[in-house]
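Residues per chain, in single letters:
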Amino acid sequence: MIRIGSMAALEDIRKQLLQEQQTKQQENQVVVKVALATCGIASGARDILQFFSAELEKRNIEAAVLQTGCMGYCYAEPTVEVCRRGQEPVIFGYVDEKRADDIIENYIKKGVMVDGLIPKNFSTACHCEHEPQAVPEKSKQIRIALRNCGVIDPASIEDYILHDGYHALADVLNRMTPEEAIEEVIASGLKGRGGGGFLTGQKWKLTRQSQSAQKYVVCNADEGDPGAFMDRSILEGDPHSVIEAMAICAYCIGAGQGLVYIRAEYPLAIDRLLHAIGQAREAGLLGSHILGTDFHFDISLRYGAGAFVCGEETALIHSMEGHRGEPTVKPPFPSEAGYLGKPTNVNNVETFACIPLIFRLGAAWFNTIGTANSKGTKVFALAGKINKVGLVEVPMGTTLRDVIFDIGGGIQHDKQFKAVQTGGPSGGCLTAKHLDTPIDYENLTKAGSMMGSGGMIVMDEDDCMVSVAKYYLDFTVEESCGKCSPCRIGNKRLHEILEKITRGEGSMDDLNKLRNLAHVVKETSLCGLGQSSPNPVLSTMENFWEEYLEHVSDKKCRAGVCKAMMKYFILEEHCVGCMACARNCPVNAISGEKKMPHTIDQSICIKCGVCFEKCKFNAIEIR
Amino acid sequence: MSRTENLVSELVEKHGRSRNSLMPILQGIVQEERFLSEEAMIEIARELNLSTADVFGTASFYTFLDTVPRGKNIIRVCKTISCHMKGKDEVIEALEALLKIKVGETTHDRNFTLLTANCLGWCHKGPVMLINDEVYPELTPHKACEILEAYMKAQ
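Here the protein sequences come in this chain order: C and Y. Going by our numbering, the first residue of the first sequence is number 3, and it counts up by one from there. Going by our numbering, the first residue of the second sequence is number 19, and it counts up by one from there.
Treat the hints with care, since some could be wrong.
[Claimed, not checked] Calculated pairs, BS3-like style, for lysine-lysine (alpha carbon to alpha carbon, straight line, at most 30 angstroms):
hint	chain 1	residue 1	chain 2	residue 2
1	C	Lys557	Y	Lys104
2	Y	Lys90	C	Lys565
3	C	Lys609	Y	Lys32
4	Y	Lys90	C	Lys618
5	Y	Lys161	C	Lys502
6	C	Lys111	C	Lys142
7	C	Lys565	C	Lys485
8	C	Lys390	Y	Lys118
9	C	Lys142	Y	Lys104
10	Y	Lys104	C	Lys417
11	C	Lys616	Y	Lys161
12	C	Lys558	C	Lys485
13	Y	Lys90	C	Lys609
[Stated by the list, open to error] Under 7 angstroms between C-beta atoms, here's a sample of chain C residues computed to sit facing chain Y:
hint	residue
14	Ala44
15	Gly46
16	Glu267
17	Tyr305
[Claimed, not checked] Label-pair distances were calculated between CB atoms; the ranges are:
hint	chain 1	residue 1	chain 2	residue 2	range
18	Y	Ser27	C	Leu342	23 to 31 angstroms
19	C	Thr330	Y	Val86	49 to 57 angstroms
20	Y	Ser20	C	Phe614	28 to 36 angstroms
21	C	Glu90	Y	Pro87	54 to 62 angstroms
22	C	Gln211	Y	Pro87	47 to 55 angstroms
23	Y	Lys161	C	Phe614	17 to 25 angstroms
24	Y	Glu111	C	Cys580	21 to 29 angstroms
25	C	Gly484	Y	Val86	13 to 21 angstroms
26	C	Ile63	Y	Pro87	52 to 60 angstroms
In short, the hints are calculated from the structure, not lab data. The beta carbon of each residue, even a glycine, is placed where N, CA and C say it ideally should be.
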C-alpha cells in the first residue's frame, strides 16, 4: 500500500480500487468467499478455501477465492459465499469437500441450486455507491457494527478502503472541529456497548474537557462475559474499523496514543489486529501527519492475562500500568485521571465499530434506529440450547421472541423454552413472560437483567435454574479480585448456600439468608463486578421461586440436574434380568437373580448413572 | 549469566524499565519458560527496582501468569456455563483418564498440564478447550481424546 497523503488521495485510491474490482468481476466467472474467523477455521474452513482454489483452477474456471470474517452463521460453519457474475451472492453452510464439489459442478458451472443454502437474514448499513442500501423487508437484522464482517477480507486494507474505510476519519479531520465531531456522536445517542451503557459522546466530551498535554484512547477488548463473543468476531473480521474509530476518538479528545487491551485467549484477533495496524501505518493512516493534516496518532497492544475483572475500566487501566488488575473507586473517572494518571477514554470494541458509519451516514440516520432512549443496533451472541447459534445484530427495541424464535430458529430438539440469561454473570434471566418485551437498556434493567455485552444463553426445560445461578456465582467467586470484602466473602457465602441447596440440604432459612446476603453484596461492593454478581441469584429467585422451594422443601430438582437429589429405580415391568447393570455398578448396589427383575439398594447407591447408561431396556428410571 | 537472567535482560531491553513494562516482561517469560520461576521474578524485581513481593503479587493475580512449573503443553478446558450445559464434565473426565492426572496437575513426563479456564469466548461451540494457542471447539469426550492423542504422538 502506498502512503495516502490527503483526503483526495484516499478518494482516488478508492476509485482506482473500485475500477480494479469491476474489471476483476468481469474477468472472473465467479467469486468465492470463505468465512475464516476462528470458528470457521476450527471447523475446517482453511481446507475448504484451499479446495476451492485448487479445484477451480484445475477445472479451468476463472475465479477469485477470497477469505473473509465471520458471517454470523456460526451454527453452519464452514460457510461460503458464492457470487456468480452478474448475480446476487448466495451463502452455503456446512460446506465440506463433497458439498464444495457439488457447488462447483452444479451451482458455479450450471447455475443449478444445490443443498445447504442459507437464506440471508440481515441487511447491511453502508455508504458505498456500488452496493446500494437495500433493506430487505423481512429482515429483522440490520448490521452496523458487523457491517464488514463476512464481507471484506480482514487482512486487506484495500478491501476496507473499497468499502468506504477511513473515509469517516478523512471527513472528520478535514471538515469538523473536535467539538463538532463530539456533538455528532452525542447526537447519535450511541451508548457504550460493553455493558455500562454510558453515552459515548458524553464520555468523549468529558475527556476532551480535561486539561492535559498527554491523553489516551483505550479500546477495551477484554471480552470475558460468558456467552459473549462479538468483540472477537469484529476484531477478526473487521479490525480496521476499530483502528479508524480510535483515530477519530483521538482527534476528538486530543490524544496522541491509543492502546488496545486484548485478551490473550484470542490469538487470531491479535494477529489480525497487529497486521491491520501495520498496514495502516504503512498507508499513513496511523503515525504522524495523518492524511496530510497535523494530527498524529498511533496504536499499540496490551495483552490481558486471564482476569475477567480487567474488563472494568479502572481495573483495565491498572493492569496496563503493570499492577494487579484491581478496580478503584470512581471518581476520579478515567476521563480525568486514567492511564498513567492522564485523561483516558475507554470504549468497547463494538462501540468503536459503530463510529465510522455514524459519521458517514450521520447522527440523524443512526438516531432513527432503535427506541426512544436506546439508539442504533446491538449485537447479540446466541448460545446455549438454541438452534442457530451465532451472532445477530438487531435494532434496539426488537423483542426477545424475534431474536430467539425468528432469527435464532427456536429451541433445540423442539424442547420448551425456559429462560434466557442476558448480560452474563452480571445480568439476570428473562422468562417466557418477557418474550415480547422490546430489548433496550431500560427494559432489560427493569426486568431485573441488563444489556451487558450482549451474550444470550438460552435455557430449556432440562436446565435447573438453581444450578444456573450456582454456575454464574462459581464464575464470579473465581473472578472476584478480592479487594473488597462484600464481593470476596459475600459471593463465596452465596455460593456455599447454593451448593447446600443443590445438594438437597437447604432449608427455608437458607433461602432467606440467600436473598438478604445477595442484596448486601449488591449494595456494598466496590465495582460493577460485585454490584451485579448477585443478579443471577436474585432474578432466578424472582422468576423461578417455585424451583427453589422444590429444592428445599421437596428435595426435588425438576430438571433432573442436581444429582444429589436424584434416585435411581428399576422398573420391574421393563427389567429382563440381563444383569448388565449389576455387573457394571461400581459399588455393588444392585442385586437380583438372573432373568428376574433387579433392585437398587438406595443406601449404597452413589448415583453415578452407570446403570442408566448400560441398560438396553429402558428399565432404569430417575426420579 | 543463567538462561533466565539472559531472558529477563533481553525483555527489559525490549520493553523498558518502567512499571508499565512489568506485564509484557512477565508475559514474555511465561511464553518462553511456560511459568514464572522464583529466579525469574527476583531478577525482574531487581531490574525494575521493585520489591519481589510486588512482582509476585502482580503475577499471582493473573490466571495465565503461572508461578508453578507447567508442562510443555497446557490444556485449558472452558468450564463456564454454556460449555457446562453442553457436557464439559464428561470431556474433563475423559482427559483425566487419558492423561492419568487430575485437573491442575502435570503429567510425569512434564508434557501436559490439565487446567480449567473461565469463559474462552466459544459459547456457541462448546465444550471447548485451548491447547497452548490452538482452539478446539464442539468437543465430545471421544473427540477430545483423539486430539490429545495426536499431541501425545507428536512428543
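Here's how the hints hold up against the structure:
In summary, the hint linking Lys557/C to Lys104/Y is supported, as the alpha carbons are separated by about 25 angstroms, within the 30 angstroms threshold. As the CA atoms of Lys90/Y and Lys565/C are separated by approximately 36 angstroms, the hinted pair breaks the 30 angstroms bound. For the suggested pair Lys609/C and Lys32/Y, the alpha carbons sit about 57 angstroms apart, so the restraint of at most 30 angstroms is broken. Between Lys90/Y and Lys618/C the CA atoms are separated by roughly 43 angstroms; this puts the pair beyond 30 angstroms, and the hint is violated.
Restraint check for Lys161/Y and Lys502/C: not satisfied, since their Cα atoms lie roughly 34 angstroms apart, outside the 30 angstroms limit. Of the pairs offered as hints, the one joining Lys111/C and Lys142/C is violated, with about 33 angstroms between alpha carbons and a cut-off of 30 angstroms exceeded. Straight-line distance between C-alpha atoms of Lys565/C and Lys485/C comes to about 34 angstroms, which puts the hinted pair past the 30 angstroms bound. The suggested pairing of Lys390/C with Lys118/Y is violated, with an alpha-carbon distance near 37 angstroms, which exceeds 30 angstroms.
A C-alpha spacing of about 29 angstroms is found between Lys142/C and Lys104/Y, which places the hinted pair at or below 30 angstroms, so the restraint holds. Between Lys104/Y and Lys417/C the alpha-carbon distance is near 15 angstroms, which keeps this suggested pair within the 30 angstroms criterion. A distance of roughly 21 angstroms separates the Cα atoms of Lys616/C and Lys161/Y; the hinted pair therefore holds under the 30 angstroms criterion. This hinted pair does not check out: Lys558/C and Lys485/C have alpha carbons roughly 37 angstroms apart, beyond 30 angstroms.
Straight-line distance between C-alpha atoms of Lys90/Y and Lys609/C comes to about 37 angstroms, which puts the hinted pair past the 30 angstroms bound. Because the closest C-beta pair between Ala44/C and chain Y is about 5 angstroms apart, less than 7 angstroms, the hint holds. The closest approach between the C-beta of Gly46/C and any C-beta of chain Y is roughly 11 angstroms, which is over the 7 angstroms cut-off, so the hint fails. The criterion of a C-beta within 7 angstroms of any C-beta in chain Y is met by Glu267/C, whose closest approach is roughly 5 angstroms, and the hint holds.
Checking Tyr305/C against chain Y: minimum C-beta separation of about 6 angstroms stays under 7 angstroms; hint holds. Distance hint check for Ser27/Y and Leu342/C: the Cβ-Cβ separation is about 25 angstroms, which falls inside the suggested range of 23 to 31 angstroms. Judged by the Cβ atoms, the range 49 to 57 angstroms given for Thr330/C and Val86/Y is violated: they are separated by roughly 30 angstroms. Under the hint 28 to 36 angstroms, the C-beta atoms of Ser20/Y and Phe614/C, about 56 angstroms apart, miss the expected range.
At roughly 57 angstroms, the beta carbons of Glu90/C and Pro87/Y sit within the given window of 54 to 62 angstroms. The beta-carbon spacing between Gln211/C and Pro87/Y, approximately 51 angstroms, falls within the hinted interval of 47 to 55 angstroms. Take Lys161/Y and Phe614/C: their Cβ atoms lie about 23 angstroms apart, and the range 17 to 25 angstroms holds. At about 26 angstroms, the beta-carbon gap between Glu111/Y and Cys580/C stays in the expected band of 21 to 29 angstroms.
Judged by the Cβ atoms, the range 13 to 21 angstroms given for Gly484/C and Val86/Y holds: they are separated by roughly 19 angstroms. With their beta carbons about 54 angstroms apart, Ile63/C and Pro87/Y fall inside the hinted range of 52 to 60 angstroms.
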